[in-house]
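> Quick mapping for you: the protein sequence lines, in order, are chains A and B.
Taking the working numbering, the leading residue of the first sequence gets 204, the next gets one more, and so forth.
Taking the working numbering, the leading residue of the second sequence gets 204, the next gets one more, and so forth.
These aren't lab readings, by the way, just hints derived from the structure by calculation.
Note that this is a predicted model, so its numbers are computed, not measured.
One thing to keep in mind: the hints can contain errors.
Unchecked claim - Label pairs and their in silico Cβ distance ranges:
#1 Asp291(B) / Asp560(A): 28 to 36 Å
#2 Asp295(B) / Asp424(A): 37 to 45 Å
#3 Gly273(A) / Ser335(B): 37 to 45 Å
#4 Ala272(B) / Ile426(A): 20 to 28 Å
#5 Thr217(A) / Ser335(B): 35 to 43 Å
#6 Ser335(B) / Arg425(A): 49 to 57 Å
#7 Arg336(B) / Glu545(A): 57 to 65 Å
#8 His292(B) / Gly482(A): 23 to 31 Å
#9 Ile426(A) / Ala486(B): 47 to 55 Å
What the hints assert, rightly or not - Stretch by stretch, here's where chain B covers chain A in the computed footprint (C-beta under 8 Å, at least three residues):
#10 287-293
#11 329-343
#12 395-401
#13 413-426
#14 498-506
Unchecked claim - Here are a few chain A residues that sit away from chain B, every Cβ distance over 12 Å (derived from the structure):
#15 Asp205
#16 Arg210
#17 Asp275
#18 Leu311
#19 Thr358
#20 Pro481
#21 Thr558
C-beta atoms are modelled at their ideal positions from N, C-alpha and C, and glycine is treated no differently.
Number of protein chains: 2
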Amino acid sequence: MDERLQRAAAAVRTAGSDWAILTNFDSICYAVGHVVPIEAGPSPFAGGSTTAFVSADATCGLVAANVEAGADASRADATILYEGFSYDHAVDVVSNYAEAVGAMKTRLGVGGVLAVEPESFSARLAALLEPSRTVDLTPALRRVRATKTAAEMETLRRAAQAAAVGQAAFHAAARAGRTELDVFAEIRAAIENFAGGRVPITGDFLSGRDRTAAFTGWPIDRIIRPGDPLMSDLAPRVAGYWGDSCASAVLGIPGEAYLALFRAAKGGLDRALEIMRPGLVIADLDAELRRHVGRAGYRYPHHSGHSIGTSVHEWPRLVPYERAPLETGMVVMVEPGAYDPEVGGVRTEWMIEITADGCRPVAPFEHNPSIACA
Amino acid sequence: MDERLQRAAAAVRTAGSDWAILTNFDSICYAVGHVVPIEAGPSPFAGGSTTAFVSADATCGLVAANVEAGADASRADATILYEGFSYDHAVDVVSNYAEAVGAMKTRLGVGGVLAVEPESFSARLAALLEPSRTVDLTPALRRVRATKTAAEMETLRRAAQAAAVGQAAFHAAARAGRTELDVFAEIRAAIENFAGGRVPITGDFLSGRDRTAAFTGWPIDRIIRPGDPLMSDLAPRVAGYWGDSCASAVLGIPGEAYLALFRAAKGGLDRALEIMRPGLVIADLDAELRRHVGRAGYRYPHHSGHSIGTSVHEWPRLVPYERAPLETGMVVMVEPGAYDPEVGGVRTEWMIEITADGCRPVAPFEHNPSIACA
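Build out the structure end to end from the sequences listed, making use of the hints.
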């Protein structure tokens with residue numbers, strides 16, 4: 204049995220429940236290994252959100268539309284695929300979903316206290332499953348997900364490699380006269396060829412002083428010019444797990460003001476690698492990184508990082524108010540930044556695994572402040 | 204007042220309800236003009252699905268996380284943006300969402316019979332809004348959405364233009380030795396530069412005999428070879444409205460067997476343009492297209508097309524069991540195909556607007572069965 208399912212079942216017990224009803228895409232992937240397609244939004248062929256069922260003793264099931272790619276290849280013990288569309292007869296997908304949920308309820312004996320995800324647990328599911336009571340699964344599930352299993356580490360490494368492939372493509376593709384979107388498309392092609400298929404990507408892609416100083420946003424049709432600061436924050440989802448990364452560079456030879464930003468941000472990342480180890484309280488890590496960047500005269504009005512897995516942002520986040528300590532097996536993104544409205548912005552980010560005696564970067568790539576200006 | 208809001212309010216009345224609670228991304232865009240970001244899945248910063256409220260007399264509101272791009276720029280009369288994340292203090296997004304919904308309920312006087320979208324109406328919303336009864340909004344809303352307003356036509360034309368830009372890029376970028384993903388990335392860059400930002404895209408991108416004969420699937424890392432049949436079904440979402448299109452071609456000079464497929468499919472599309480007019484029963488249109496392709500010796504085991512708008516597949520779909528007639532102002536995708544496992548597949552698709560006395564293609568592009576093999 205996959206260790207994630209065992210952990211999900213433990214969360215069901217911790218929540219004081221009999222069954223978990225999973226309706227968020229990240230928890231479905233975690234518990235039963237089905238990667239819900241997300242790039243085009245919820246499917247017009249679905250009668251309800253794809254739903255996984257996990258009992259306190261680790262029985263699990265999956266209900267999805269039969270047109271949902273990959274739904275027949277999960278780790279679930281029981282799978283019911285309802286008809287989502289037919290070209291030759293009328294299909295009522297909402298009724299079909301309800302029937303499939305009812306059939307799964309009967310087959311697995313779903314009932315009692317249900318632990319749910321309140322963002323997405325539907326009133327329809329509540330009516331169908333008739334829980335004696337519902338509780339929020341989120342706190343217990345996020346806790347077991349915070350450290351990664353060996354199988355997860357392998358998948359996360361591949362996702363981090365995909366991000367690194369994207370950063371190499373960023374340096375190769377950035378050229379004066381291209382739009383941000385042109386460069387982003389080449390980055391995307393490199394990542395998708397690495398993965399062998401389409402890959403959802405979030406993050407930021409920014410060029411120019413003003414956009415990089417403001418530090419968030421998807422690419423637009425702005426034309427890149429020689430001397431522009433660039434920021435490439437790439438978070439691809441590969442096989443259900445997110446990679447992440449941020450590289451920053453100038454197109455051409457960076458000036459001293461930019462290099463000062465770069466040294467501050469990269470110095471923060473280097474400092475993180477020196478001090479991260481099991482037991483370090485996250486608030487203390489966060490404070491040290493802000494101090495480090497602050498000594499150079501800069502600050503970053505955003506988190507210092509976040510955990511990552513089947514969701515791109517998981518608990519614990521690296522924020523001043525997080526009192527949890529780092530633990531062996533956590534995988535966190537560390538991304539200190541330095542911003543100056545007169546110069547631009549720099550953020551340097553790697554994925555870092557917490558090991559028994561410290562930490563190590565996962566599939567790191569070189570942080571280089573200069574891109575040759577062809 | 205935007206005509207879509209008036210129509211949504213009419214649907215609220217038709218459903219026998221006092222308020223509609225909109226939780227699907229397409230209906231939110233339709234009613235209040237907010238384009239929910241979808242490409243990376245539901246946001247990890249949201250405490251519930253973005254929610255719009257529309258009364259029977261066309262008052263409307265929107266609740267979204269404050270980190271959701273564009274949520275402050277909708278057509279809603281009232282907007283409440285709850286805190287989705289802060290780097291310097293703890294945020295309980297699920298509670299914040301609930302509070303925002305409660306505040307909107309009070310501000311607008313939401314109550315009575317609620318018309319909901321059962322796929323996504325959450326148990327949390329049901330508990331917060333305490334409806335006297337809920338009814339399904341879907342049938343009434345899909346009915347008012349089936350014909351497009353003047354503003355929608357303008358947006359759909361731009362989405363169709365984006366698809367046509369993509370098809371031009373398909374012909375320009377397809378080359379032997381490239382992967383499907385390489386070509387798709389150039390298509391995507393062309394569409395995104397046209398739109399000025401990132402664009403969700405669904406559809407199919409396929410190369411080779413076996414993949415095009417099987418006719419559905421996203422691009423993979425298969426290397427395109429001279430003589431390959433290619434199928435480029437591109438559906439981009441621009442400003443909340445989907446374009447769609449399918450082009451098919453051989454890389455090089457097509458043989459007679461391929462041209463027979465091409466003539467059958469394209470002939471079906473041409474036939475549709477001859478006969479589509481208000482009053483034509485969709486089942487009769489569907490039957491005529493299948494007859495036309497059938498006379499050439501082929502069939503297509505999929506729909507003949509579908510309506511399009513803020514959802515990529517809307518009612519009415521062009522299927523054998525649809526008894527509704529075409530109406531002035533409908534916008535439908537028509538996509539007959541012809542498939543032969545020994546040769547490959549061809550599908551030719553345009554967006555077509557039903558006019559008072561017939562129909563016309565929206566932003567059509569040339570269907571050309573050959574791509575010069577460099």
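> Which of the listed hints are not met by the structure?
When the structure is compared with the hints, none of them turns out to be violated.
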